[in-house]
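A.B. asks: Take a look at the letters that make up each chain.
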Amino acid sequence: MDHVKEALAVIVGEEHVSTEPEELYIYSYDLGTTEPRRPDYAVAPRTTEEVRRIVELANQEKIPIVPLGGGLSLAGLAVPLQGGIALDLKRMDTIIEVSEKARYAVVECGVSQGQLTAYLEKNHPNLMHSEPGAPPQATIAGNVAIHGQGDLAQPYGFNSDMVNGLEVVLPTGEVCKFGSCAVGANWYTQHPLPDVGLFLGWAGTTGIITKVSLKLYPRKKIQGVGQFVVEDEELIPEIIYRITHTEAAHDVVAFSQAIPPFASGLHHITINLSADSEKELDFKMELIFDDTLGEYIRSGDGGFLGFNRGLQRPQISKTADWRKGGGFEYVGAIMPVETYPQCYRRGREISERHDIPYTVLGRVIGMSHAMMFSWTYAFNRADLETIRQAREALHETDDLALELGGTIWKPGIYGQKLVLERIDPNTLKLMKKVKQLLDPNGIMNPGNWEVS
Amino acid sequence: MTLTSYKYADTIHRCFRCGYCKFPTNWADVNNCPAYARFRMETYSCGGRLWLIRAWLSNEIEWTDHLAKIMYTCTACKNCEEKCPLRFNVDIMNMITAVKGEMVERGLIPSQVKDFLENIQRQGNPYGKARAKRGEWTEGIEIPKYKGQDFLYYVGCVGSYDTRAQETARTLGKVLTKAGVSFGVLGGEENCDGNEVNALGEETLFEMMAEENVTQFKELGVQKIVTLSPHSYNTFKNDYPLHDGNFEVFHYTQALRDLIQGERLDVSRGLNTRVAYHDPCFLGRWNGEYDAPRMILNAIPGIELVELEKNRAGALCCGGGGGNFYTDFLGGSESSPARIRAREAYDTGANILAVACPNCMTMLEDAVKAEGLEDKIDVKDISEIVVEATGIA
Amino acid sequence: MDVVVCIKRVPDTADVVEIDASGNDIETDGLAFKINDWDEYALEAAVQLTEKQGGSIIAITVGPKEWDDVLRRALAIGADRAIRIDQDMVTADCYAVAKVLEALIRNLSYDLVLFGAQSEDFGSAQLGVMVAELLGIPHASLVVSLQVDQTTARIKRELEAGTLEAYAVELPALLTIQTGINQPRYISMAGIKRAMSKELQVISLSDLDLTQETLSPTVMLEKLELPPKDKKAELISGSPEESAEQLARILQNSGIF
Chain Y
1 MDHVKEALAV
11 IVGEEHVSTE
21 PEELYIYSYD
31 LGTTEPRRPD
41 YAVAPRTTEE
51 VRRIVELANQ
61 EKIPIVPLGG
71 GLSLAGLAVP
81 LQGGIALDLK
91 RMDTIIEVSE
101 KARYAVVECG
111 VSQGQLTAYL
121 EKNHPNLMHS
131 EPGAPPQATI
141 AGNVAIHGQG
151 DLAQPYGFNS
161 DMVNGLEVVL
171 PTGEVCKFGS
181 CAVGANWYTQ
191 HPLPDVGLFL
201 GWAGTTGIIT
211 KVSLKLYPRK
221 KIQGVGQFVV
231 EDEELIPEII
241 YRITHTEAAH
251 DVVAFSQAIP
261 PFASGLHHIT
271 INLSADSEKE
281 LDFKMELIFD
291 DTLGEYIRSG
301 DGGFLGFNRG
311 LQRPQISKTA
321 DWRKGGGFEY
331 VGAIMPVETY
341 PQCYRRGREI
351 SERHDIPYTV
361 LGRVIGMSHA
371 MMFSWTYAFN
381 RADLETIRQA
391 REALHETDDL
401 ALELGGTIWK
411 PGIYGQKLVL
421 ERIDPNTLKL
431 MKKVKQLLDP
441 NGIMNPGNWE
451 VS
Chain V
1 MTLTSYKYAD
11 TIHRCFRCGY
21 CKFPTNWADV
31 NNCPAYARFR
41 METYSCGGRL
51 WLIRAWLSNE
61 IEWTDHLAKI
71 MYTCTACKNC
81 EEKCPLRFNV
91 DIMNMITAVK
101 GEMVERGLIP
111 SQVKDFLENI
121 QRQGNPYGKA
131 RAKRGEWTEG
141 IEIPKYKGQD
151 FLYYVGCVGS
161 YDTRAQETAR
171 TLGKVLTKAG
181 VSFGVLGGEE
191 NCDGNEVNAL
201 GEETLFEMMA
211 EENVTQFKEL
221 GVQKIVTLSP
231 HSYNTFKNDY
241 PLHDGNFEVF
251 HYTQALRDLI
261 QGERLDVSRG
271 LNTRVAYHDP
281 CFLGRWNGEY
291 DAPRMILNAI
301 PGIELVELEK
311 NRAGALCCGG
321 GGGNFYTDFL
331 GGSESSPARI
341 RAREAYDTGA
351 NILAVACPNC
361 MTMLEDAVKA
371 EGLEDKIDVK
381 DISEIVVEAT
391 GIA
Chain P
1 MDVVVCIKRV
11 PDTADVVEID
21 ASGNDIETDG
31 LAFKINDWDE
41 YALEAAVQLT
51 EKQGGSIIAI
61 TVGPKEWDDV
71 LRRALAIGAD
81 RAIRIDQDMV
91 TADCYAVAKV
101 LEALIRNLSY
111 DLVLFGAQSE
121 DFGSAQLGVM
131 VAELLGIPHA
141 SLVVSLQVDQ
151 TTARIKRELE
161 AGTLEAYAVE
171 LPALLTIQTG
181 INQPRYISMA
191 GIKRAMSKEL
201 QVISLSDLDL
211 TQETLSPTVM
221 LEKLELPPKD
231 KKAELISGSP
241 EESAEQLARI
251 LQNSGIF
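As given, the protein sequences belong to chains Y, V and P, one line each in that order.
Using this note's numbering, you'd call the opening residue of the first sequence number 1 and step up by one each time.
Using this note's numbering, you'd call the opening residue of the second sequence number 1 and step up by one each time.
Using this note's numbering, you'd call the opening residue of the third sequence number 1 and step up by one each time.
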């Protein structure tokens, strides 16, 4: 056994380190089109203290660390580009605290989305968090770290806007706290203390988040989804603008896809509503579907497809099966809402040119401040040609997002380069300084956001 | 063997490794795959296993002991097949069994699995205990030998040889007698049903065993079978018809439910206690029977039936399937699924953790002890609860 | 690399053994039988050799018709053909068996003859060594490690307390194989069925120019007894550490570890 493995086994226990080819094989892979790269160690710690000791060891031995939660970035952000330690954080799955009064939850970095949802439903039915569309295995911390968005993005913003505090293990091994928890108070607010911007959106290159305090929101008794449909994509930005003006809705998502065939060319908008009484629900329905969207219905430009009670968790994994193929990847970009029509048209064209049934979706963030627009490309894992096509389509789409005046969300290596090329040079210099300051040995998820 | 001759070569690539397979019905935690709960490395989840199968069969990785162990930590609990959102999910259990079959044929199996199978080949039970002793569980009670009665009461290997499960086998016999059921047992002439052998991938051995049993049953004129174990129930009901064995098969909880509802079994004496019921995988997820055991417990006055948080199709497997009650790949840790389940049962505040399967019985009783909970909660078979409620000595 | 492997059929030790009415044999009614454990290691060793270097394996046994099943198993494990000398010779007299085996083996072409180090029933550990002497070839017993080339077998023998002794033995040679030398592979039912088509030859003593008289025993088993049952209970007291130490010592001294 090499001395690093021995040292890791001392820290986490023999059972939680592996250098077996099987573990290394699986941890090489992102679920999308990213080429696999093999780690040297797969390690699953249980506590912040264990993480700290692992980071110290990695600094000593100059071994890269790649932290992962669910590993579901679908952009290759947890692929060990330069080998090293694949740090599977999912054993750190304790929900530490939920405050009803201040509406927040403090969780360890391995707590999954599904786990928090189930916990709140059972123990705090008046509270909910903004749950992303990813499979329930995705972690709270991972999602926050990449600026994810969930079903409360409209009106409340990115999940990273919902952070009250963090506990982070720095690349040099110190454990830091950010937010009110840093001064010994409860984890109820980030502001006005110096912000945590050093760890969100950096793809794990500046440290390992070990705890998150996440804002929670009211969960009303009645939850449901109203559906609206239009044919003309040019109408979408205005519709979204008007819906958000009402301040009466939650998640607003506009999407269009080739499958099922009847949906092709149409644009569906789902609008989540919640209410504590039928009166409240009726009021909101009237406000949105009569007062706001009524004119589209009357002019025949739009149709109301009904309101269904209950929030269904979307199973986006099903997209993976569209080419009977076990895989898909998407470009997510944060785009101005007004770009929806071009995003749709240009994206559809790219898909069709690559023989992939098109799937586009725009989730509104904030009060129409932006939307997360995704172009999804399914592929057949057993057919390398389809993987190549998907990869090409993804790269073209990365280019497209920037061309249309947007910015790529959680980009993989290709997208990172495009963004880095365009970033303000002084900003770039600062990013490099920050990175060098925090991670002098360059061990944190190297290969990502490398500023040369 | 290359990928092209693997039966599921066309679909093995369809797993997205999205992770739904690890969850119970409500995503309360990620520990609903018993092997993943134990080891918490991605390789032990169903998705990990499927990707590794594909990697091995296309020569991207080589066979190792570790690979074999990963495959054989699968307890065949079917949680993954239930939870997978993709259309190929109906084949998931078969995909894993097929690769185990491949390993069996090449002799590339862990030594514990080898012992299990060789013990069955030699002595007709996985423990390797003497075949001659198979009927000893009947000693000390009046239990009729099968001679053409209405029902064959089939006990299985665990019930015949494991001391705790033997108690269950006897108790059920008493209950059936008290209810006036016309039944008989095979005792020393009973042979292993083969369900685990099948799950371990030894297809030819299973076929042989099934054919021998079918021949024996037919010669004896068996038409209806009531089983102690859901494992036997599963294979007699679903696999034996493919070997010309068409019998009417009941799990004993279905029989007891009918007897209670038909007023042939009087449980009015009742039992004052709080009971949590653990759904066995081969009765629940494999065969959709969640209600019969609950009806029995609800019919007994004084029993407060509480649900484990993960129940019915979301139940956590005790970790005993796929031969693991013998090979014990999932033991030795507080993360062992049986120990997790014992803690979950304790959390319900129940006095009794009710089981309907001799494998679950042995796994969970050991787990309760390992957790130091033996003074707080008892593991009892449903037949034992019924016996108390009917006042049978 | 041509290998001859001699195997024996023994009762499954899971079964309770009882002395029969005669007092000098065991009750065989209801017993399950199997291939002698040590012989499985010998067969596995032979198969690993021929898998690497080519060649053939002949499995041999001396026994009545029931003993065909262990030969079938040997064929399933990888022997190319099998020979049964049709004679019931379960006996304390190894020398007689050795004479029979030697009479057959001397006419076979072989580089190596393998035996299990001992049998599970009589456990005398003599047969292989006797056959080697009768054949006039070098032998080594209790072999736990084996490497063979065209002319030489490099072996290690197991002594006490983990000590190993290394030898180079000139071929042709006879080795008795100790358990632990390898991990015998699992033989599936399908594999056993496929082996049914391999050759299993039955020959008699007269085919070997032997008669019952030439084999009259020089060692006779007079009586079999079960060991006396001793009831003894010892209560261990003290702190957990102290009792654990005591218990460990007792177990070690009893030979269990």
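These aren't lab readings, by the way, just hints derived from the structure by calculation.
Here the structure is a predicted model, which is why all the values come from computation and not from measurement.
Backbone N, C-alpha and C fix where the C-beta goes; we use that ideal spot for every residue, glycine too.
Check the hints yourself; a few may be wrong.
[Stated by the list, open to error] Selected chain V positions facing chain P (in silico; Cβ < 8 Å): (1) A132; (2) M208; (3) L271; (4) N351.
[What the hints assert, rightly or not] Have a look at the derived ranges for each label pair, beta carbon to beta carbon: (5) Y:V434 x V:R274: 55 to 61 Å; (6) V:Y346 x P:P228: 46 to 52 Å; (7) Y:E174 x V:T163: 52 to 58 Å; (8) V:R274 x P:E225: 52 to 58 Å.
[Said to hold, decoys possible] Once the Cα atoms are required to be at most 16 Å apart in a straight line, the calculated EDC-like pairs of lysine to aspartate or glutamate come out as: (9) Y:K318 x V:E82; (10) V:K133 x P:D29; (11) Y:K432 x Y:E421; (12) V:K376 x V:E365; (13) V:K224 x V:D258; (14) V:K174 x V:D266; (15) V:K69 x V:D115; (16) V:K114 x P:E44; (17) Y:K122 x V:E309; (18) P:K193 x V:E207; (19) P:K52 x P:D149; (20) Y:K324 x V:E139; (21) V:K114 x P:D37; (22) V:K133 x P:D149; (23) Y:K221 x Y:E121; (24) Y:K318 x Y:D290; (25) V:K129 x P:E44; (26) Y:K324 x V:D10; (27) V:K145 x V:E82; (28) Y:K435 x Y:E450; (29) V:K174 x V:E207; (30) V:K178 x V:E263; (31) P:K193 x V:E365; (32) V:K133 x P:E44.
A.B. asks: Hint by hint, say whether it matches the structure.
C.D. replies: Evaluation of the provided hints:
1. A132: holds (5 Å)
2. M208: Interface hint status for M208 (chain V): holds (6 Å vs cutoff 8 Å).
3. L271: Check failed: Cβ of L271 (chain V) comes no nearer than 38 Å to chain P, outside 8 Å.
4. N351: N351 (chain V) check fails; min Cβ-Cβ to chain P is 30 Å, beyond 8 Å.
5. Y:V434 x V:R274: 55 to 61 Å: Holds, at about 58 Å.
6. V:Y346 x P:P228: 46 to 52 Å: This hint holds: roughly 47 Å between Cβ atoms.
7. Y:E174 x V:T163: 52 to 58 Å: For T163 (chain V) against E174 (chain Y), whose Cβ atoms are near 56 Å apart, the range 52 to 58 Å holds.
8. V:R274 x P:E225: 52 to 58 Å: holds (56 Å)
9. Y:K318 x V:E82: holds (15 Å)
10. V:K133 x P:D29: The given pair, whose Cα atoms are some 13 Å apart, holds under the 16 Å limit.
11. Y:K432 x Y:E421: holds (14 Å)
12. V:K376 x V:E365: holds (12 Å)
13. V:K224 x V:D258: holds (15 Å)
14. V:K174 x V:D266: holds (14 Å)
15. V:K69 x V:D115: It holds: about 14 Å lies between the C-alpha atoms, which stays within 16 Å.
16. V:K114 x P:E44: Distance ~14 Å between K114 (chain V) and E44 (chain P) Cα, so the pair holds.
17. Y:K122 x V:E309: holds (10 Å)
18. P:K193 x V:E207: Since the Cα atoms of K193 (chain P) and E207 (chain V) sit roughly 12 Å apart, the hinted pair holds (cutoff 16 Å).
19. P:K52 x P:D149: The hint holds at about 11 Å.
20. Y:K324 x V:E139: violated (57 Å)
21. V:K114 x P:D37: The hint holds at about 14 Å.
22. V:K133 x P:D149: Answer violated: K133 (chain V) to D149 (chain P) is near 48 Å, above 16 Å.
23. Y:K221 x Y:E121: Cα-Cα ~11 Å, so holds.
24. Y:K318 x Y:D290: Violated - the C-alpha atoms of D290 (chain Y) and K318 (chain Y) are around 34 Å apart, more than 16 Å.
25. V:K129 x P:E44: violated (25 Å)
26. Y:K324 x V:D10: With a Cα-Cα distance of about 10 Å, the restraint between K324 (chain Y) and D10 (chain V) holds, given a limit of 16 Å.
27. V:K145 x V:E82: Violated, at about 40 Å.
28. Y:K435 x Y:E450: holds (9 Å)
29. V:K174 x V:E207: violated (33 Å)
30. V:K178 x V:E263: holds (12 Å)
31. P:K193 x V:E365: violated (40 Å)
32. V:K133 x P:E44: violated (31 Å)
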